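Participant: Sequence:
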Amino acid sequence: MQLKILRVMANMTQAEAAAAVGVTQAALSDWENGKYKPNPTAVTKLAEAYRVTEAEVVQAVVDTMEKAKEATDGEDTD
352 MQLKILRVMA NMTQAEAAAA VGVTQAALSD WENGKYKPNP TAVTKLAEAY
402 RVTEAEVVQA VVDTMEKAKE ATDGEDTD
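First residue of the sequence shown: 352, per our numbering; consecutive thereafter.
FYI, nobody ran anything at the bench for these hints, they're computed from the structure. A portion of the hints provided could be inaccurate.
In silico SDA-like pairs for lysine to any residue, Cα to Cα no more than 25 Å straight-line [stated by the list, open to error]:
{"hint": "1", "residue 1": "Lys396", "residue 2": "Asp424"}
{"hint": "2", "residue 1": "Lys396", "residue 2": "Thr423"}
{"hint": "3", "residue 1": "Lys355", "residue 2": "Glu405"}
{"hint": "4", "residue 1": "Lys355", "residue 2": "Ala400"}
This one's a predicted model, so the numbers in the text were calculated from it and none came from an experiment.
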């Protein structure tokens with residue numbers, strides 16, 4: 352499960368989730384797009400905001416990063 356799905360399941364917008372975690376909406380978007388990983392403090396805050404465990408957030412980060420890597424590996428690099 353990806354980070355965005357956790358947020359949607361928590362019925363939150365990016366802006367709401369970013370405010371709950373204390374980051375910009377751009378930072379949250381970068382996490383959801385697999386550009387960057389949230390730090391441990393942010394993982395804790397995401398778990399609280401989304402009402403899931405920290406382990407579920409960590410797994411969502413891994414899944415998100417893997418999907419982002421697959422998407423870039425599939426791009427044509429001619």
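Participant: Against the structure shown, which of the earlier numbered hints fail to hold, in ascending order?
Facilitator: The structure conflicts with hints 1 and 2, although it agrees with all the remaining ones.
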